[in-house]
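Order-wise, the sequence lines are chains A and B. First residue of the first sequence: 1, per full-length UniProt numbering; consecutive thereafter. First residue of the second sequence: 1, per full-length UniProt numbering; consecutive thereafter.
Don't take every hint at face value.
Said to hold, decoys possible - Part of the chain B face toward chain A, derived, beta carbon under 8 Å:
1. 21
2. 24
3. 51
To be verified - One-sided excerpt, in silico: chain A residues whose CB lies under 8 Å from chain B:
4. 27
5. 29
6. 31
7. 229
8. 275
9. 278
10. 297
11. 298
12. 299
13. 319
14. 329
15. 332
16. 335
17. 336
18. 338
19. 373
Unchecked claim - Label-pair ranges, simulated between beta-carbon atoms:
20. 35/B with 186/A: 53 to 61 Å
21. 53/B with 131/A: 23 to 31 Å
22. 75/B with 352/A: 50 to 58 Å
23. 61/B with 16/A: 43 to 51 Å
Just so you know, these hints were derived from the structure itself, not from any lab. All residues carry an ideal CB built from backbone N, CA and C; glycine is no exception.
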Amino acid sequence: MKGAGAGEEYLDSASAVPLHPAARDVLLAALDQGYADPRRLHRAGRTARLLLDNAREATADALGVRPDEVTFTPSGTHAVHLGLLGLVRGSRRGDVVVHSAVEHSAVRHAVAWGARSAVVRCDREGRVDAGDLAEAAATPEVGVVALQVANHEVGTVQPVGELDLPDDVPLFTDACASMGRLPLPDGWAAAAGSAHKWGGPAGVGVLLVRKRARWRNPFPGDDRVDERSTGFENVPAVLAAAAALQAVVAERDEVNARQHALVDVVRRRVAAEVPDVEVVGDPHRRLPHLVTFSCLYVDGEALVTKLDRLGFGIASGSACTASTLTPSHVLEAMGVLTHGNVRLSLGRDTTRTEVDAFCDALPGVVAEIRARVGL
Amino acid sequence: MRAWGSDVDDPVDLELDCREMPCPMPVIELARHLDDVEVGGLLAVVARDPAAAVDVPAWCRMKQQDYVGADTADDGVPRYVVRRLG
Chain A
1 MKGAGAGEEY
11 LDSASAVPLH
21 PAARDVLLAA
31 LDQGYADPRR
41 LHRAGRTARL
51 LLDNAREATA
61 DALGVRPDEV
71 TFTPSGTHAV
81 HLGLLGLVRG
91 SRRGDVVVHS
101 AVEHSAVRHA
111 VAWGARSAVV
121 RCDREGRVDA
131 GDLAEAAATP
141 EVGVVALQVA
151 NHEVGTVQPV
161 GELDLPDDVP
171 LFTDACASMG
181 RLPLPDGWAA
191 AAGSAHKWGG
201 PAGVGVLLVR
211 KRARWRNPFP
221 GDDRVDERST
231 GFENVPAVLA
241 AAAALQAVVA
251 ERDEVNARQH
261 ALVDVVRRRV
271 AAEVPDVEVV
281 GDPHRRLPHL
291 VTFSCLYVDG
301 EALVTKLDRL
311 GFGIASGSAC
321 TASTLTPSHV
331 LEAMGVLTHG
341 NVRLSLGRDT
351 TRTEVDAFCD
361 ALPGVVAEIR
371 ARVGL
Chain B
1 MRAWGSDVDD
11 PVDLELDCRE
21 MPCPMPVIEL
31 ARHLDDVEVG
41 GLLAVVARDP
51 AAAVDVPAWC
61 RMKQQDYVGA
71 DTADDGVPRY
81 VVRRLG
């Protein structure tokens with residue numbers, strides 16, 4: 001799809017998606033109607049409360065959960081922190097969190113802040129073995145297991161619905177990369193999503209806590225409509241996020257099939273047309289819209305910059321593109337090449353022509369960067 | 001020199017000093033100097049770059065070379081050892 005920059009193909013929907021058309025009118029109308037405090041009993045307050053309740057019901061309906069299991073948070077990251085640490089706080093077993101080596105940094109930071117970590121390895125495609133997780137979960141002092149629905153960097157879908165955990169060890173699932181795109185799996189006690197990754201506005205996260213889950217607020221509470229939320233709700237943004245989610249769920253069969261096929265084209269063409277390249281992640285059981293590959297001898301920053309100059313906006317997990325100067329912990333855990341890395345993620349209207357234009361441009365860009373170092 | 005507890009048993013034929021090089025230079029140096037050792041010989045790269053710990057074994061897999069293992073140079077900097085297979 002066309003990005004905001006002149007002539008740019010924006011191929012980074014896994015970082016953020018432009019506002020879904022279905023959400024725009026809802027947002028604009030709600031800006032005028034949903035400004036008041038939803039706790040107040042006056043007309044404007046009741047209107048805001050109605051919009052908030054509508055958003056909760058629409059979100060619950062789109063995700064197949066109960067409305068009272070839905071909490072809106074100020075970000076997906078905050079939903080992860082609340083969901084995971086709330087289960088840790090509610091645990092009677094201990095404060096060790098068993099989690100995969102490829103969880104999002106939001107999970108890793110939450111564990112580092114308020115729990116103890118037990119990491120379970122993944123295979124070369126980034127998938128964790130359900131048996132390995134269950135075995136680790138059965139050890140003493142394990143309070144919670146955390147496993148993402150699908151990996152945000154390489155797209156590999158995890159066996160969340162297949163986990164056989166001890167009865168008193170709840171599962172937290174980070175659904176930020178998949179929410180709206182894939183149905184929620186079964187078996188979790190708490191889950192998190194992020195609206196700007198499905199086409200809602202930024203600044204809206206979704207926390208889901210199952211009715212029977214032992215969840216205790218790990219942070220200072222508040223006196224809002226929803227006991228799990230903190231601070232004044234952004235009612236217009238929440239309503240727009242819910243509208244976008246409904247629209248994405250309604251169109252996902254068609255969009256997913258199209259994106260899945262386009263990603264197959266990228267996987268095939270990149271592997272065939274760029275020498276010394278490693279296309280990573282599971283080729284089949286994956287997010288529909290995302291593909292990651294690494295090019296030997298190529299500086300990731302040079303690759304991102306050069307592709308941007310040609311009009312392709314892509315992300316990279318290479319160390320030189322990160323503020324920390326360490327490579328992506330996901331690629332590292334998978335044991336795949338971390339430098340020269342590209343993560344390409346499609347929009348809902350990305351076309352075959354656009355994908356082919358990227359695949360046409362890539363070999364020349366890689367060859368040029370390699371030529372600079374004489375390889 | 002061979003460090004205790006190292007994966008590397010045989011003497012290294014050529015050691016590349018990539019201590020101060022950023023990613024992906026250590027792997028580029030490895031590729032440039034592969035032919036400088038005989039087939040069956042050992043080539044080592046010494047690098048602080050944290051990506052080298054992943055990228056040297058990945059390079060070996062992609063280029064059909066043998067990743068022998070890691071130890072540390074005399075100054076404690078990580079050293080990654082490769083056996084040339086072809």
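Hints and how they fare:
Nearest Cβ of chain A to the Cβ of residue 21/B: about 11 Å, over the 8 Å cut. The hint is violated. Interface hint status for residue 24/B: upheld, as the beta-carbon distance to the closest one in chain A is roughly 4 Å, under 8 Å. Checking residue 51/B against chain A: minimum C-beta separation of about 4 Å stays under 8 Å; hint holds. At its closest, the beta carbon of residue 27/A sits 41 Å from a beta carbon of chain B; the interface hint therefore is violated under the 8 Å criterion.
Checking residue 29/A against chain B by beta carbon gives a least distance of about 49 Å; that is not within 8 Å, so the hint is violated. A distance limit of 8 Å between C-beta atoms decides the matter here; for residue 31/A the minimum to chain B is near 45 Å, and the interface restraint is violated. The interface hint given for residue 229/A is broken, as the beta carbon of that residue sits about 39 Å from the closest beta carbon of chain B, more than 8 Å. Contact between residue 275/A and chain B, as hinted, is not supported at the beta carbon level, the nearest pair being about 10 Å apart and thus beyond 8 Å.
Interface restraint check: residue 278/A against chain B, minimum CB-CB distance 6 Å, threshold 8 Å, status holds. Checking residue 297/A against chain B: minimum C-beta separation of about 5 Å stays under 8 Å; hint holds. For residue 298/A, the interface hint holds, since its Cβ comes within 8 Å of a Cβ in chain B; the closest pair sits about 7 Å apart. Taking 8 Å as the C-beta contact cut-off toward chain B, the hint placing residue 299/A at the interface holds, the least distance being around 6 Å.
With a cut of 8 Å, the hint placing residue 319/A at the interface with chain B holds, because the nearest CB-to-CB distance is about 5 Å. A least Cβ separation of about 10 Å between residue 329/A and chain B goes past the 8 Å threshold, and the interface hint is therefore violated. Because the smallest distance between the Cβ of residue 332/A and any Cβ of chain B comes to about 5 Å, under 8 Å, the interface hint for this residue holds. Interface hint status for residue 335/A: upheld, as the beta-carbon distance to the closest one in chain B is roughly 6 Å, under 8 Å.
Hint status for residue 336/A: holds, given a least beta-carbon distance of 6 Å to chain B, under 8 Å. With 8 Å as the threshold, the beta carbon of residue 338/A comes within range of chain B, its nearest partner Cβ sitting at about 5 Å, so the hint holds. Contact between residue 373/A and chain B, as hinted, is supported at the beta carbon level, the nearest pair being about 5 Å apart and thus within 8 Å. Residue 35/B and residue 186/A have their C-beta atoms about 55 Å apart, which keeps the hinted 53 to 61 Å range intact.
For the pair residue 53/B and residue 131/A, the supplied restraint of 23 to 31 Å holds, since their beta-carbon distance comes to about 27 Å. Against the hinted window of 50 to 58 Å, the Cβ-Cβ separation of residue 75/B and residue 352/A comes to about 54 Å, which satisfies the hint. Between residue 61/B and residue 16/A the C-beta distance comes to about 33 Å, which lies outside the given range of 43 to 51 Å.
The structure fails hints 1, 4, 5, 6, 7, 8, 14 and 23 (numbered hints given earlier, in ascending order).
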